[in-house]
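Read off the chains here:
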Amino acid sequence: MTDFFIHQGLFTEILEYIGTFAFAISGIRLAAGKDFDLFGAYVVGLVTAIGGGTIRDLCLDLTPFWMLNSSYMIWTAIALIFVILFRKHLIRLNNTFFIFDTIGLALFTVVGIEKTLDCHYPFWVAIIMGTITGAAGGIIRDIFINQIPLIFRKEIYAIACIIGGIVYYATDMIFNDNTIVQVLCALSVALTRIIAVKYQIGLPHIKGEEETE
Amino acid sequence: MTDFFIHQGLFTEILEYIGTFAFAISGIRLAAGKDFDLFGAYVVGLVTAIGGGTIRDLCLDLTPFWMLNSSYMIWTAIALIFVILFRKHLIRLNNTFFIFDTIGLALFTVVGIEKTLDCHYPFWVAIIMGTITGAAGGIIRDIFINQIPLIFRKEIYAIACIIGGIVYYATDMIFNDNTIVQVLCALSVALTRIIAVKYQIGLPHIKGEEETE
Amino acid sequence: MTDFFIHQGLFTEILEYIGTFAFAISGIRLAAGKDFDLFGAYVVGLVTAIGGGTIRDLCLDLTPFWMLNSSYMIWTAIALIFVILFRKHLIRLNNTFFIFDTIGLALFTVVGIEKTLDCHYPFWVAIIMGTITGAAGGIIRDIFINQIPLIFRKEIYAIACIIGGIVYYATDMIFNDNTIVQVLCALSVALTRIIAVKYQIGLPHIKGEEETE
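Residue numbers (the numbering used here), protein chains in the order written: chain A, 1 to 213; chain B, 1 to 213; chain C, 1 to 213.
Simulated from the structure, these hints should not be mistaken for laboratory data.
Heads up, the beta-carbon is just placed ideally off N, CA and C, and yes, glycines get one too.
Misleading hints may appear alongside valid ones.
What the hints assert, rightly or not - DSSO-like mimics (lysine-lysine), calculated; alpha carbons at most 27 Å apart, straight line:
| id | chain 1 | residue 1 | chain 2 | residue 2 |
| --- | --- | --- | --- | --- |
| 1 | C | K88 | C | K198 |
| 2 | A | K207 | B | K88 |
| 3 | A | K34 | C | K154 |
| 4 | C | K207 | A | K34 |
| 5 | C | K34 | B | K198 |
| 6 | C | K34 | B | K207 |
| 7 | A | K34 | B | K34 |
| 8 | A | K198 | A | K154 |
| 9 | C | K154 | C | K198 |
| 10 | C | K34 | A | K34 |
| 11 | C | K154 | C | K34 |
Stated by the list, open to error - Beyond 10 Å from chain C on every Cβ pair, some chain B residues (computed):
| id | residue |
| --- | --- |
| 12 | L10 |
| 13 | M73 |
| 14 | N95 |
| 15 | I174 |
With the rest of the complex left out, here is chain A:
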C-alpha cells in the first residue's frame, strides 16, 4: 500500500518536473526572441513555471511551493541550458513541447485544485485556483516581455483548466477513488487543449465600440 503511494507520488513528481521544464522552455524561448541576457531569460522561464502556483499559495496563505523544494530552480536552469544548446533544433521540437506544455497545464491544474480543497475552500474557489496555477505564469511571462498576454487573445488555454475543474467536481461526486478523479481531470484539461489546437477552436472575440481613443 505504502509502495503504491510512493510510486504514485514519484510519478506525479516526474510529471510535475516535465511541466516545469516545458513552462520554463516557453518563457526562455520568448525571452530569447526579445534579446534578453542569460539572467533575464532565466527569470522569465522561472516566473512562467512558478508564477501561477505562487499567486495561488499567497492567496491560500501557504508558503510558496518553490521555497520548500529547490527542484523548480534546478529544472529551470536545465531548461535554460537546453535552449542554449539546442537553439537551432527547437522549432522542429515544437510538437514535443506542445505535449510537455499540455502535460504541465493538466497537472498544474490538478495540483491547484487539490491544494485549495485541502484548505477547505468551496469548489468554485478550487476551480479558479486550478486555473491560476495553470495559466497565470504565462500572463506574468508576457507582461515581463512587454506583450499583451497571449491567453487573452488566442487559443483555448485557461478554459481547458476551467473545464478540467468542472470535470473534477462532477467525477468527485461519482467516484470514491481520488486517483481516478485526478486522472479524469488532467485528461479533460489535456484533451480540451489538444482538440482546441487541432481544430483551431477559439473563443469568440469581444468587439470594440469603434472608439477612437
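Chain A is already provided as a structure; the job is to place chains B and C on it using the hints.
Here is chains B and C on its own, set in the frame of chain A:
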C-alpha cells in the same frame, strides 16, 4: 436596532456590487478595444474590480475577500454579458458609468480603510490601503492591456481616495457615530472626483530632463 | 555593548534610507521622462524602493516592512521634491546617484538575506530573497512605465545580489561575527556592480531562433 444594521449592511452590499459592476465594465470595455476574447475580457474586468482589494488583503494577511463570496465573479459575468448586449449604446451611457465608477471608488475606499483599522494599523496605513483598494485594480487592468496606467497621467483619481482617507481621519475624531464618518468619507471621495472631472482639474506633471534615452 | 548595537542599528538605518532615497529617485526620474503627473511619479518611486521587499515579506508571510514604519513613504516624498527642485542638475549628479543606488542594492540584499534566515529558510531561499529585495522593485518600476525591465537586458545587477548571497554563505561558515559577514556581503554586492559598470561587463545574451512570429 438589528434591523437598522441589516438594512445598512444590505445598502452597503448593493453599493459594493454597483461598484464591482462599474469597475468590471471599465475593464471589459478597454479589453474589447484591444481585441481580447471573451475569457480575456472577463479576466481584465475581474482584476479591475477585485485587484486592489486582493493586494490589500494580502498585505493585511487576510484571505482575499472574493474567495469568501462568489458575488464578485457573478457580477463580473453580468458586466460581460451587459457589454456584449449593449455594445453600441455604451458610449451614450458614459455619464451613468462615471457615476457608478465614482460610487465604486468611494465605497471601495471606505471598505479598505475600515478593514485596515480593524487590523489595528495606524491611520496612515489605512489611507494607503483605502487608496490601493480603490485605485490598484485600474493599474493592473492597464498593465494587462499593455498601456501605461491611466491614473499616473490623467485625472484626479487616487488623490480622491487619499482626500477621503484624510476626511475619515478628521471626522473620526469629531463624531462618535461610525456611519456618519463612513458617509462623509465616501462623499468626499465622490465629490473630489466629480469636481475634478467637471472642472478638468489635474495634478501638475513632472517634467523630464530632456534626456534622449 | 548596548550602545554599540544602537549605533550599528542607526548606521544601518541611515544606509537603508539612503538606498530608499536613491531607488525612489531612479523611479521618479524615469516616470518624469514618460510625462507622469506628481502622483504617478510618487507611486513609481515608491514601488521601486519598496516593491522588492514587499514581495519578499509576502512570500515569508511577514507584514510588509513599510506598513510598520512610515519613513519609506516620507523618504520617497523627499525624493520627489528633490527631483522637482534640482531637475536640471540631476544628470550631473549621475555618479552620486550611482553610488547611492549601489549602497541601496547592497544593503537591501543583506536585509533580504537576514530576514529570510531569521524565518529558518535554507540559504538558497535567502539568496533568492536577497536578490528579490534588491532587484524586484526595478522590475515593477519598468512594468509601470511600460518598458521591458532593464535588468533583463543590460548590466550586472541582480547577479551582484546573487554573488553577495554566495559570499554571505561562504563567510558565514568562516566567521563567528555576524557584522563581518554582513559587511563582506554588502561589499561584494557593491564591488561586483561597480566593477561591472566600470569595465562594461555584462552577461551574454541568449539568441533567438530567427523566428518570424
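Here is what the structure says about each hint:
no.: 1; hint: C/K88 / C/K198; in the structure: 25 Å, holds
no.: 2; hint: A/K207 / B/K88; in the structure: 10 Å, holds
no.: 3; hint: A/K34 / C/K154; in the structure: 12 Å, holds
no.: 4; hint: C/K207 / A/K34; in the structure: 9 Å, holds
no.: 5; hint: C/K34 / B/K198; in the structure: 26 Å, holds
no.: 6; hint: C/K34 / B/K207; in the structure: 9 Å, holds
no.: 7; hint: A/K34 / B/K34; in the structure: 22 Å, holds
no.: 8; hint: A/K198 / A/K154; in the structure: 14 Å, holds
no.: 9; hint: C/K154 / C/K198; in the structure: 14 Å, holds
no.: 10; hint: C/K34 / A/K34; in the structure: 22 Å, holds
no.: 11; hint: C/K154 / C/K34; in the structure: 20 Å, holds
no.: 12; hint: L10; in the structure: 32 Å, holds
no.: 13; hint: M73; in the structure: 23 Å, holds
no.: 14; hint: N95; in the structure: 24 Å, holds
no.: 15; hint: I174; in the structure: 24 Å, holds
Hint violations for this structure: none, all hints satisfied.
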